[in-house]
Every structure is written in C-alpha cells, then in structure tokens.
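S.K.: Generate the whole structure from the sequences, applying the supplied hints.
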Amino acid sequence: DTGVSQNPRHKITKRGQNVTFRCDPISEHNRLYWYRQTLGQGPEFLTYFQNEAQLEKSRLLSDRFSAERPKGSFSTLEIQRTEQGDSAMYLCASSLRTGGYEQYFGPGTRLTVT
Amino acid sequence: GESVGLHLPTLSVQEGDNSIINCAYSNSASDYFIWYKQESGKGPQFIIDIRSNMDKRQGQRVTVLLNKTVKHLSLQIAATQPGDSAVYFCAENTGANSKLTFGKGITLSVRP
Chain A
1 DTGVSQNPRH KITKRGQNVT FRCDPISEHN RLYWYRQTLG QGPEFLTYFQ
51 NEAQLEKSRL LSDRFSAERP KGSFSTLEIQ RTEQGDSAMY LCASSLRTGG
101 YEQYFGPGTR LTVT
Chain B
1001 GESVGLHLPT LSVQEGDNSI INCAYSNSAS DYFIWYKQES GKGPQFIIDI
1051 RSNMDKRQGQ RVTVLLNKTV KHLSLQIAAT QPGDSAVYFC AENTGANSKL
1101 TFGKGITLSV RP
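Sequences listed follow chains A and B, in order.
Residue numbering for the first sequence follows this note's numbering, starting at 1 and increasing by one per position.
Residue numbering for the second sequence follows this note's numbering, starting at 1001 and increasing by one per position.
Since the hints were derived computationally from the structure, they do not count as laboratory data.
Keep in mind the model is a prediction, meaning the values are calculated, not measured.
Each hint should be verified, as a subset may be incorrect.
What the hints assert, rightly or not - In silico BS3-like pairs for lysine-lysine, Cα to Cα no more than 27 Å straight-line:
1. B:Lys1071 to B:Lys1056
2. B:Lys1042 to A:Lys14
3. B:Lys1042 to A:Lys11
4. B:Lys1042 to A:Lys57
5. B:Lys1056 to B:Lys1068
6. A:Lys57 to A:Lys71
7. B:Lys1042 to B:Lys1068
8. A:Lys57 to B:Lys1104
M.R.: Structure representation (structure tokens):
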C-alpha cells in the first residue's frame, strides 16, 4: 500500500497524559498537512510542512500541541497534558509541491481522552 | 465555521438514480476546489477537483460544476450505487500553502 499511513489508529488516554501520533506520507510528496476532525464536522487545518519546514500553524494549535517533520519524510504530532476537548480524529494528508493541489488523506488516528 | 452538530444534512436517493450534492463556499478568492468522500472510520477520499478557471469537470460517473458568481459548487453522481453511501465534503483552497477549508458534510444514503 503506497498511500498515507498513520499510527496508531486508535488511542485512549487519560486526561493529563501526553500522546504522540505518527504520519508517513506518500513517498514522493513533500507537503504534509495535519487536520483535526470532530464528530459531524469537516476536517479543520492544524499545520503544514513543506519538506522539514513547518510553514503555517492554525490558531487551533495551542501551546500543548507540537508537530515535527525532522527529515522531511514522516511527521509526528504530540499533544501534551491532554484534555477531554482534544478527543477527535487526527488526520494527516500529503501532496506534491508541483502539479495539482490534491491532498491525499490517511486513515486518521482516533483519540479519546477520558 | 457554522456548526451543524451531530446531525448532518442527508440526501436519500434510489439506487440507479443520479445524485446532486450542493455546496456553498465562502471565499471568492479560492482558486481550487475538491470533493471528498468519507466513509465511517476512514479518512477523506479524493473524488474530483476543479480549478477556478473552469466551470465543469467530468470524471468517471462524477461531474463537478462550479458557479463562481454565486460561489456554488455541486457534485453530480450518475447511476448512484450502494457503495456511494458516505459523507461528502467540498473543500476550497486559498493561498500558497494549499491548506483546505472544508464545508459542511452531507450524508448520501442510497436505498436499494
């Protein structure tokens, strides 16, 4: 399977714990995006990387959230001191810099904070 | 954006009929639009896209229409099949970073 992959698929954590998610984009794609989706809503943009550079962050991304893409390939999204309001599906997408703007999404990581 | 809570608008169609899903977008500067299909527990799946210099684009069984005057986008699905049942989102892109802003989802339910 050469699509976008995300791990873990599901994560249940207690409030106050830290969690980290991983995204592996399509191999030749140099743009990587993180989105958050809550039940009944469309995905909301969180942050964007071009290669290893984080070029844009949404105001939704509080100080407890940090994302990295150290070698311009896979990316991690960490949430510190999780809150119940962080419960959501976290989606990763990737695209090519040149050509079309199509973003291809991974299956997402479902986070539940108890 | 405006919240619709847990209850998405639903379009119910008979198998074999054509479906039309509509979307109003917000930013007149948006230059690119995408339709995504999302099945339960999965990430959004790319269906078709259109650039702002076009008003119609066709794919396999799907057509996207863009009316920039009224900022309206539609997705037409021909001969709707049970496998088309899902939530459909339109998304618009504005700006160099190509981040997408998603519209309200619409649930398509196909009756056998």
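S.K.: Give a verdict on every hint.
M.R.: Evaluated hints:
A C-alpha spacing of about 14 Å is found between lysine 1071 (chain B) and lysine 1056 (chain B), which places the hinted pair at or below 27 Å, so the restraint holds. Proximity of lysine 1042 (chain B) to lysine 14 (chain A) is assessed by CA-CA distance (about 24 Å); at most 27 Å being required, the pair is judged to hold. Between lysine 1042 (chain B) and lysine 11 (chain A) the alpha-carbon distance is near 15 Å, which keeps this suggested pair within the 27 Å criterion. Using a Cα cut-off of 27 Å, the hinted pair lysine 1042 (chain B) and lysine 57 (chain A) holds, with the two alpha carbons roughly 24 Å apart.
Only pairs whose Cα atoms come within 27 Å are accepted, and lysine 1056 (chain B) paired with lysine 1068 (chain B) is accepted, the gap being roughly 11 Å. Among the hinted pairs, lysine 57 (chain A) with lysine 71 (chain A) is consistent with the structure: their alpha-carbon atoms are about 19 Å apart, no more than 27 Å. Taking the CA atoms of lysine 1042 (chain B) and lysine 1068 (chain B), the gap is about 31 Å. The hint is violated against a cut of 27 Å. For a cut-off of 27 Å, the pair hint linking lysine 57 (chain A) to lysine 1104 (chain B) stands: about 22 Å separates their Cα positions.
Hint 7 alone, counting from the list given before, is not met by this structure.
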